[in-house]
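Chains as they are written, first to last, in my numbering: chain A, 14 to 340; chain B, 14 to 340.
It should be emphasised that the hints constitute simulated quantities derived from the structure, not laboratory data.
Just so it is clear, the structure is predicted and the values come from calculations on it, not from any experiment.
Think of the CB as a built atom: it goes at the ideal place given N, C-alpha and C, for glycine as much as any other residue.
Lysine to any residue pairs mimicking SDA-like chemistry, simulated, CA-CA at most 25 Å apart: (1) B:Lys242 - A:Arg264; (2) B:Lys242 - A:Thr259; (3) A:Lys242 - B:Gln244; (4) B:Lys242 - A:Leu275; (5) A:Lys242 - B:Ala253; (6) B:Lys242 - A:Asn252; (7) A:Lys118 - A:Gln244; (8) A:Lys124 - A:Thr80; (9) A:Lys242 - B:Arg268; (10) A:Lys242 - B:Leu239; (11) A:Lys142 - B:Gly233; (12) B:Lys74 - B:Pro92; (13) B:Lys44 - B:Arg281.
Beta-carbon label-pair distances, calculated as ranges: (14) A:Glu138 - B:Arg281: 30 to 40 Å; (15) B:Asp318 - A:Gly114: 34 to 44 Å; (16) A:Leu90 - B:Glu270: 32 to 42 Å; (17) A:Ala273 - B:Gln227: 43 to 53 Å.
Computed far set for chain B versus chain A, every beta-carbon distance over 12 Å: (18) Glu29; (19) Asn51; (20) Pro82; (21) Val129; (22) Ala253; (23) Ala290.
Protein chains: 2
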Amino acid sequence: MPRWSDTRLQQLFGVEHPIVQGGMIWNSGAKLAAAVSNAGGLGLVGAGSMRPDVFREHVRKVRDLTTRPFGVNLPLLYPHTAECLDIALAEGIRIFFTSAGSPKKVVGRLKDAGAVVVHVVATPELAVKCEQAGCDAVVCEGFEAGGHNGREEITTLVLVPECVRAVSIPVIAAGGIATGAQLVAALALGAAGVQVGSRFAITQESSGHAAFKQAVVAAGAGDTHLVLKSQVPVRLLRNAFRDRITLLEARGATRDELAAELGHGRARQGMHEGDLAEGELEIGQVAGLIDDVPTVAEVMRRLLDDADVVLSRLAGGTGQAPAGPAC
Amino acid sequence: MPRWSDTRLQQLFGVEHPIVQGGMIWNSGAKLAAAVSNAGGLGLVGAGSMRPDVFREHVRKVRDLTTRPFGVNLPLLYPHTAECLDIALAEGIRIFFTSAGSPKKVVGRLKDAGAVVVHVVATPELAVKCEQAGCDAVVCEGFEAGGHNGREEITTLVLVPECVRAVSIPVIAAGGIATGAQLVAALALGAAGVQVGSRFAITQESSGHAAFKQAVVAAGAGDTHLVLKSQVPVRLLRNAFRDRITLLEARGATRDELAAELGHGRARQGMHEGDLAEGELEIGQVAGLIDDVPTVAEVMRRLLDDADVVLSRLAGGTGQAPAGPAC
Numbered sequence: 014m015p016r017w018s019d020t021r022l023q024q025l026f027g028v029e030h031p032i033v034q035g036g037m038i039w040n041s042g043a044k045l046a047a048a049v050s051n052a053g054g055l056g057l058v059g060a061g062s063m064r065p066d067v068f069r070e071h072v073r074k075v076r077d078l079t080t081r082p083f084g085v086n087l088p089l090l091y092p093h094t095a096e097c098l099d100i101a102l103a104e105g106i107r108i109f110f111t112s113a114g115s116p117k118k119v120v121g122r123l124k125d126a127g128a129v130v131v132h133v134v135a136t137p138e139l140a141v142k143c144e145q146a147g148c149d150a151v152v153c154e155g156f157e158a159g160g161h162n163g164r165e166e167i168t169t170l171v172l173v174p175e176c177v178r179a180v181s182i183p184v185i186a187a188g189g190i191a192t193g194a195q196l197v198a199a200l201a202l203g204a205a206g207v208q209v210g211s212r213f214a215i216t217q218e219s220s221g222h223a224a225f226k227q228a229v230v231a232a233g234a235g236d237t238h239l240v241l242k243s244q245v246p247v248r249l250l251r252n253a254f255r256d257r258i259t260l261l262e263a264r265g266a267t268r269d270e271l272a273a274e275l276g277h278g279r280a281r282q283g284m285h286e287g288d289l290a291e292g293e294l295e296i297g298q299v300a301g302l303i304d305d306v307p308t309v310a311e312v313m314r315r316l317l318d319d320a321d322v323v324l325s326r327l328a329g330g331t332g333q334a335p336a337g338p339a340c
Numbered sequence: 014m015p016r017w018s019d020t021r022l023q024q025l026f027g028v029e030h031p032i033v034q035g036g037m038i039w040n041s042g043a044k045l046a047a048a049v050s051n052a053g054g055l056g057l058v059g060a061g062s063m064r065p066d067v068f069r070e071h072v073r074k075v076r077d078l079t080t081r082p083f084g085v086n087l088p089l090l091y092p093h094t095a096e097c098l099d100i101a102l103a104e105g106i107r108i109f110f111t112s113a114g115s116p117k118k119v120v121g122r123l124k125d126a127g128a129v130v131v132h133v134v135a136t137p138e139l140a141v142k143c144e145q146a147g148c149d150a151v152v153c154e155g156f157e158a159g160g161h162n163g164r165e166e167i168t169t170l171v172l173v174p175e176c177v178r179a180v181s182i183p184v185i186a187a188g189g190i191a192t193g194a195q196l197v198a199a200l201a202l203g204a205a206g207v208q209v210g211s212r213f214a215i216t217q218e219s220s221g222h223a224a225f226k227q228a229v230v231a232a233g234a235g236d237t238h239l240v241l242k243s244q245v246p247v248r249l250l251r252n253a254f255r256d257r258i259t260l261l262e263a264r265g266a267t268r269d270e271l272a273a274e275l276g277h278g279r280a281r282q283g284m285h286e287g288d289l290a291e292g293e294l295e296i297g298q299v300a301g302l303i304d305d306v307p308t309v310a311e312v313m314r315r316l317l318d319d320a321d322v323v324l325s326r327l328a329g330g331t332g333q334a335p336a337g338p339a340c
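Based on the provided sequences and hints, a complete structural model is requested.
Laid out in structure tokens, this is it:
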């Protein structure tokens, strides 16, 4: 039995497995991206928390660490996007994941340069716009995902089939995927593959702070919540900062009051500096299924091995009740 | 290839397919429950919107319409629960789904009567309590489900594996399941089967108002939202009533103000009487995937046929990109 019945992503990116590592601020530097690509997935350098010179340095460093395909993630609302896009093209990058904004502005230029362009969406309507704009694929990211998120709150289980029937380009499922069983579930929904964020954030190669990683290991599924819906919705692990935001929101605080409480640099403070009480700790609901800090190679091995077990079970192999997944 | 590799639910309920119809107020009367059981699934009479005498009438009517197994759904916080439980036992019902409250109070009596008891949960912690209390299975219902919902907002894609690893009893996945692909996704996650609500609510045999059914057919995935989180969270289709609640919540309205706006009988007004502007229209995010009002037999046929196609694709059958699902 072939492991993958659908090989569109493998062909699109030139990778072995249809597993993309999410571009996550303060977590996905050169070391993580290279490790994922070396393990047969697609690593992405996340530009969202990097100054342009730091971004260039990380892109170059990935080249030193792997000969396999990798890409970059550029949030389009980020102030240095144009400069980072120029740097990436000049450095020979030809796989671009874009998010947070309209892909229309950049897709023409990237396609002219021969690049593969994938945009992250949270609704089927935006997936259709991406296809019309010329994107090669879409990442469909559900409500359960960590970090910034859509206002419509559509979950991965609903969003993926909605997008699969709305567009012809490959759909990459994201949000809530940290185990082989969740990977197979995404494939069942019609996704060509998955983008895995939180599980790769909590690895040895991720650049997140050790205290942040341990906080995620200790967390349960109900410990993350989507807050700041009147600003840009973001899923955060519970801490003193998030509790104050929740209280402010419950009493109908204005956008200005919330912005004042939020301040600046909270994501850096939480995930990079390890301030567990006052920083933003961006992680998905799968935090509850994350119980250790393994290497990327180990995460990839578990994803693939567990997916094989699940595929075999679905094919009528055992009739056994499944064991609880490790991830 | 056997259709189902896991047959725990078939054994538990004596049914052909591991597909349970959700007990939904104002929708799941005798006609719907009997149609689902006749199609090889497990039909449930939902007591939540019935006076005890009406409930007895519906239970008796199912017996006239099918010789196959069926059950009842009893919300434990409902004022007539004790009386309905007595009626169901007296009428020979031996399959009980309970929700909204602690199963501890009733499970002993039901087990003593030789009944199968299944409780609906939204967290792995409650799933564990159900197993300890003696429940035979749990329905794990995610954030995307219609109607009343958990405060933790855990989605089906995360909740099901969380519960599968927390308990040994069978886990029935609910929330976001209206297509064969979603059914297979649930099985991949380790569920023994699924509970389908919204898709069965929008059938010819459901007792919901025709205008309510048409409103769901017209809706997209982003048109439902979870509101009234400070009371009992409930997922509703957008209308004038829900818009007012959303505005009140955004300005930090008190519980009393919200309760006053909610008033009484909104669910009846919306789903039974068809007041699309001022009633509560309880439906899941899968509303976006529901495009017609077929018979229950047709829904079951689609679920099973589409699941077969997906299982065959996952087994390496085609390598084709999947077509968009009908449901």
